[in-house]
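Since chain A is already given, all that's left is putting chain B on it; use the hints.
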Amino acid sequence: MTDSIKLANEDLAARCHEIQVGLSQLEVPHFDTLPFIGMCVRLALHLQGLPPIPYEQVRLVATAFLDIPPTSVKRVILALAEIEFVRLAQEGSTIKTVVPDVPYYVNLYRRLGEYASSEGLNELEALTLDVVQRLSVSPQSLDAIRNKTNAEATAINTVFEIGSQGGYARVMRARGKDIAISPTYFSENAESFAQAVAKAGASSVQGVLQALQRHQGVPLSEVTRTAELGGSRLSGDQISLLQTLAGEGAVRPPSISTTHSGENFFLFTPTPHGGAMSPTKRPIFEKAMALVSSVRQGQYLAKAYRIKYPYALISSFAEKRFLNPNSEALEQYRNVVHMGVATLARNAYSGRATLKLIDTKENLEALDMAKALLSSGSVSGLEVDDEAKFALEKDQTYAESIIASNHLRARRKVPLSAELQDQLELALGA
Amino acid sequence: MIKDRDQKEAALKFCLARKWFPHVEVDIYPERQVSKRSSAQTDIDLLALIPGNFGGFTKHVFDCKTKAKESPINRVLWLHGLMKQLGVQTGTCLLKKDYIEVDHRLSAFDLGISLVEESEFPEWSKGLGVIRTEAQAHSFAEKFEDWEKLLSADYRNPVLTPAIRFLRSGFWQIKDDAEAARKCIFLLKLIRGEIDPSKSEQMALVVYLAALFSLAAAGLAHRLFSLFVLPKDQGVYDEALRVSLYGGRDAYEQRNSIYKLLVKERGHEDPEGLGVPGWEHFSRLIRQMMEAPIEATYAAHILQELAFALLKNETELNSIRARTISEDRKRAAQYALNLSSYIFKATKLPPEVESIASTQLLMLISYSVSAK
Numbered sequence: 001m002t003d004s005i006k007l008a009n010e011d012l013a014a015r016c017h018e019i020q021v022g023l024s025q026l027e028v029p030h031f032d033t034l035p036f037i038g039m040c041v042r043l044a045l046h047l048q049g050l051p052p053i054p055y056e057q058v059r060l061v062a063t064a065f066l067d068i069p070p071t072s073v074k075r076v077i078l079a080l081a082e083i084e085f086v087r088l089a090q091e092g093s094t095i096k097t098v099v100p101d102v103p104y105y106v107n108l109y110r111r112l113g114e115y116a117s118s119e120g121l122n123e124l125e126a127l128t129l130d131v132v133q134r135l136s137v138s139p140q141s142l143d144a145i146r147n148k149t150n151a152e153a154t155a156i157n158t159v160f161e162i163g164s165q166g167g168y169a170r171v172m173r174a175r176g177k178d179i180a181i182s183p184t185y186f187s188e189n190a191e192s193f194a195q196a197v198a199k200a201g202a203s204s205v206q207g208v209l210q211a212l213q214r215h216q217g218v219p220l221s222e223v224t225r226t227a228e229l230g231g232s233r234l235s236g237d238q239i240s241l242l243q244t245l246a247g248e249g250a251v252r253p254p255s256i257s258t259t260h261s262g263e264n265f266f267l268f269t270p271t272p273h274g275g276a277m278s279p280t281k282r283p284i285f286e287k288a289m290a291l292v293s294s295v296r297q298g299q300y301l302a303k304a305y306r307i308k309y310p311y312a313l314i315s316s317f318a319e320k321r322f323l324n325p326n327s328e329a330l331e332q333y334r335n336v337v338h339m340g341v342a343t344l345a346r347n348a349y350s351g352r353a354t355l356k357l358i359d360t361k362e363n364l365e366a367l368d369m370a371k372a373l374l375s376s377g378s379v380s381g382l383e384v385d386d387e388a389k390f391a392l393e394k395d396q397t398y399a400e401s402i403i404a405s406n407h408l409r410a411r412r413k414v415p416l417s418a419e420l421q422d423q424l425e426l427a428l429g430a
Numbered sequence: 431m432i433k434d435r436d437q438k439e440a441a442l443k444f445c446l447a448r449k450w451f452p453h454v455e456v457d458i459y460p461e462r463q464v465s466k467r468s469s470a471q472t473d474i475d476l477l478a479l480i481p482g483n484f485g486g487f488t489k490h491v492f493d494c495k496t497k498a499k500e501s502p503i504n505r506v507l508w509l510h511g512l513m514k515q516l517g518v519q520t521g522t523c524l525l526k527k528d529y530i531e532v533d534h535r536l537s538a539f540d541l542g543i544s545l546v547e548e549s550e551f552p553e554w555s556k557g558l559g560v561i562r563t564e565a566q567a568h569s570f571a572e573k574f575e576d577w578e579k580l581l582s583a584d585y586r587n588p589v590l591t592p593a594i595r596f597l598r599s600g601f602w603q604i605k606d607d608a609e610a611a612r613k614c615i616f617l618l619k620l621i622r623g624e625i626d627p628s629k630s631e632q633m634a635l636v637v638y639l640a641a642l643f644s645l646a647a648a649g650l651a652h653r654l655f656s657l658f659v660l661p662k663d664q665g666v667y668d669e670a671l672r673v674s675l676y677g678g679r680d681a682y683e684q685r686n687s688i689y690k691l692l693v694k695e696r697g698h699e700d701p702e703g704l705g706v707p708g709w710e711h712f713s714r715l716i717r718q719m720m721e722a723p724i725e726a727t728y729a730a731h732i733l734q735e736l737a738f739a740l741l742k743n744e745t746e747l748n749s750i751r752a753r754t755i756s757e758d759r760k761r762a763a764q765y766a767l768n769l770s771s772y773i774f775k776a777t778k779l780p781p782e783v784e785s786i787a788s789t790q791l792l793m794l795i796s797y798s799v800s801a802k
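Top line first, the protein sequences correspond to chains A and B.
Anchor point for the first sequence: position 168 equals 168 in this note's numbering, and the numbering is continuous, going up by one each time.
Heads up, this note's numbering is the position in the second sequence plus 430, with the first residue counted as 1.
Each hint should be verified, as a subset may be incorrect.
[Claimed, not checked] List time: in silico DSBU-like cross-link candidates among lysine-lysine, alpha-carbon distance up to 35 Å: (1) A/LYS96 - B/LYS499; (2) B/LYS499 - B/LYS514; (3) B/LYS605 - A/LYS320; (4) A/LYS96 - B/LYS694; (5) A/LYS96 - B/LYS775; (6) A/LYS320 - B/LYS489; (7) A/LYS177 - A/LYS199; (8) A/LYS74 - B/LYS662; (9) B/LYS449 - A/LYS389; (10) B/LYS775 - B/LYS694; (11) A/LYS96 - B/LYS449; (12) A/LYS96 - B/LYS526; (13) B/LYS662 - A/LYS356; (14) A/LYS74 - B/LYS778; (15) B/LYS760 - A/LYS389; (16) A/LYS361 - B/LYS629; (17) B/LYS489 - A/LYS361; (18) B/LYS662 - B/LYS629; (19) A/LYS356 - A/LYS303; (20) A/LYS6 - B/LYS662; (21) B/LYS605 - B/LYS526; (22) A/LYS96 - B/LYS573; (23) B/LYS526 - B/LYS499; (24) B/LYS775 - A/LYS74; (25) B/LYS775 - A/LYS6.
[As the list claims (entries may be wrong)] Coverage of chain A stretches by chain B, computed from C-beta distances (three or more under 8 Å per stretch; other residues unrestricted): (26) 45-54; (27) 96-105.
These aren't lab readings, by the way, just hints derived from the structure by calculation.
For each residue, glycine too, the CB sits at the ideal point set by N, CA and C.
Next comes chain A alone, as it looks inside the complex (with noise of 0.2 Å):
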């Protein structure tokens, strides 16, 4: 039986800028909507809250910065004049200006979901995006994949063919199943991922996500203890994949040691990667988690003086810049003080340690990821190259200058080791 789901607007754009930003300059003959729209999302992205800006850079930096080719720049800033996301100065036909009038938040992506509804997807686009929605929740078998589209094998096929070369969508084979897993979503701990869903099916996979979304930062021990997580019970298979994601992933949570509680790991859901993370966004979001993980250290492994609002605990510290002193603080804030995030002064006399913000913009942003991330579990505007929002903003010449560095670092070769150098000379006979 089919089990097609109906994407929204929103999640229909924002799927295609993940698509299009893992197949960056891979060019699919089967796509043409999809990755426009992909294209289309990623420029408007860049171009949000942005002056007016001369069309040559626009294309310069697209070109360079977002991988969109030379020749479809133009095409792109048609549609996005035609659903008023800019507008353009013109002499003829020639684009002089480009002054945006981007929408914020979920209304850029429900607009160009719309627009991309209205120009219509073919089939394998169409089952592309449902099986890369699906991913985006959970991994999941193969088979549960196949019954659910009720696409044929060859159509399924060719997405995961294309998906695995795009880096979005991709098999894997755990415990003798296959399972399809979306790199974008989960690249970290992928193996863990994939051998939880082949032992307890998606849905124990999915429930423990939702869970963990709703409670991001919690203490493993905390999960451990209590077998629940925000009053949702856990099932033996569902706590040891939790444990197994802090103990053995590629990358592991934050973890803080304290005298009087040992050491201590936060789960979050898994960091989101390509097109639904820009790299540039991605120190600033490990800071985000360490600040979460050290108010939920406060919450729920304090020593003596408990955290009880956590978020209003983070927002005090944005708008203040420092946190009254604390005796906890010097072991509870230690990673968010690696992080350079903020500095501890600690009273030789009292013991106690304040903890200021080192006031920067990177640490006001991770400030209100963590915001983001206690409130409502996820963050927004993590798509957003800061670099090429950087370059669209400067002048001309200045984005000239980056992208022709640019250049030269991706030409840049490795140089052979010496010893390698020698065995070559050798073997041809110089």
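What follows is chain B alone, placed relative to chain A:
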């Protein structure tokens, strides 16, 4: 007929050169009234809005008198009372006198007012940074005869009267930006059926109303910026904008419940609640202005310039004032474009209005981007 024309025109050019937003001949009505028909109690020769360093505006008034028998200190005391009533911070009394007592000048200074003799005005202007007035001020709004033409555009059409009265008086007496923004929208909706885009006075009138809306929207954006800087959560931002637009939480909830009852009575439902027409576009506009609240205060200058350009049937927005502002404040013309696009579409004015305004504004933007 406007009195003391030369003095006022000099003051007007001074304001334009200083990149202040001027408006001439503001009629002042009693703040509260019991009679059904109220008449103006006085008028201000020139009111100027000075962009603040943190966004928003401060207000400055000019009082111009050419009669030799006027007592300078009496004018100062009268002006100070008026300033207090209108919440204006500073003022200038420009008088035709051969001599003003120094101590009277000192008293005026203590009240935030500059007492200036007409003959001193060129040096006074120069001292305050306006060195080449003509060149700095070249503006489509610098001639008094054009202001007269704009402010008397209702003589042949009574339906336009409320809009003209708002432009001459009402807007300047409203102390809350949100209320001013709502009234601009309401008035444009009210007169939309009368507007003929082929008539230059009417085009100037609607674009001038858009300029006033722009002042109010900049104030609103400045207030929300102070609350959130750049809000990350759409729900929180949208709600704060709605509530701010209707005078705070209590006032909003009271009005919204009445609004919902009225909608229900007519057999409809509006889950979004009370807002302005084209809510998504409006919300996007204010959020966009929060990206650069200081630059947002200059969008009104561009729209004022456009209103006078249209009044004079100019085909290109190429005055020095329009060009220097859009070069120095690179988002000002962009905000002017997006603001006018929003308000003309939301109030359903004939589509040519938006198209005529957009064409000129896009040309200006393209010029200022390529001039850098």
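To see whether the hints hold, each was checked on the structure:
A C-alpha spacing of about 59 Å is found between A/LYS96 and B/LYS499, which places the hinted pair above 35 Å, so the restraint is violated. Between the alpha carbons of B/LYS499 and B/LYS514 the distance comes to roughly 25 Å, so the proposed pair stays at or under 35 Å and holds. Note on B/LYS605 and A/LYS320: the hinted pairing holds, with a Cα-Cα distance of about 31 Å set against a maximum of 35 Å. Distance restraint check for A/LYS96 and B/LYS694: the Cα-Cα separation of roughly 49 Å exceeds the 35 Å cut-off, and the hinted pair is therefore not satisfied.
In summary, the hint linking A/LYS96 to B/LYS775 is supported, as the alpha carbons are separated by about 25 Å, within the 35 Å threshold. Between the alpha carbons of A/LYS320 and B/LYS489 the distance comes to roughly 33 Å, so the proposed pair stays at or under 35 Å and holds. This hinted pair checks out: A/LYS177 and A/LYS199 have alpha carbons roughly 10 Å apart, not beyond 35 Å. Between A/LYS74 and B/LYS662, the direct Cα distance comes to roughly 31 Å. Compliance with the 35 Å bound is thereby established for this hinted pair.
Between B/LYS449 and A/LYS389 the CA atoms are separated by roughly 30 Å; this keeps the pair inside 35 Å, and the hint holds. With a C-alpha separation of about 26 Å, the suggested pair B/LYS775 and B/LYS694 falls inside the 35 Å cut-off, and the hint holds. At roughly 28 Å between alpha-carbon atoms, A/LYS96 and B/LYS449 fall within 35 Å of each other, so this suggested pair holds. Among the hinted pairs, A/LYS96 with B/LYS526 is inconsistent with the structure: their alpha-carbon atoms are about 52 Å apart, more than 35 Å.
Distance hint between B/LYS662 and A/LYS356 is fulfilled; the C-alpha atoms sit about 23 Å from each other, no more than 35 Å. Between the alpha carbons of A/LYS74 and B/LYS778 the distance comes to roughly 31 Å, so the proposed pair stays at or under 35 Å and holds. Between B/LYS760 and A/LYS389 the CA atoms are separated by roughly 16 Å; this keeps the pair inside 35 Å, and the hint holds. Taken as a hint, the A/LYS361 and B/LYS629 pair is broken in the structure, with Cα atoms around 50 Å apart against an allowance of 35 Å.
Under the criterion of a C-alpha separation no larger than 35 Å, the hint pairing B/LYS489 with A/LYS361 is consistent with the structure, at around 34 Å. Taking the CA atoms of B/LYS662 and B/LYS629, the gap is near 44 Å; set against the 35 Å cutoff, the hint is violated. Annotation: proposed proximity of A/LYS356 to A/LYS303 holds, straight-line Cα distance about 21 Å (limit 35 Å). Between A/LYS6 and B/LYS662, the direct Cα distance comes to roughly 28 Å. Compliance with the 35 Å bound is thereby established for this hinted pair.
Restraint check for B/LYS605 and B/LYS526: satisfied, since their Cα atoms lie roughly 33 Å apart, inside the 35 Å limit. Using a Cα cut-off of 35 Å, the hinted pair A/LYS96 and B/LYS573 holds, with the two alpha carbons roughly 33 Å apart. Under the criterion of a C-alpha separation no larger than 35 Å, the hint pairing B/LYS526 with B/LYS499 is consistent with the structure, at around 9 Å. For the hint linking B/LYS775 to A/LYS74, the alpha-carbon distance of about 27 Å falls within 35 Å, and the restraint holds.
At roughly 32 Å between alpha-carbon atoms, B/LYS775 and A/LYS6 fall within 35 Å of each other, so this suggested pair holds. Coverage of the segment 45-54 of chain A by chain B holds. Counting CB-CB distances below 8 Å, 5 residues qualify, and the rule asks for three or more. Remark: the segment 96-105 of chain A is confirmed as covered by chain B, as 8 of its residues place a Cβ nearer than 8 Å to a Cβ of that chain, reaching the required three.
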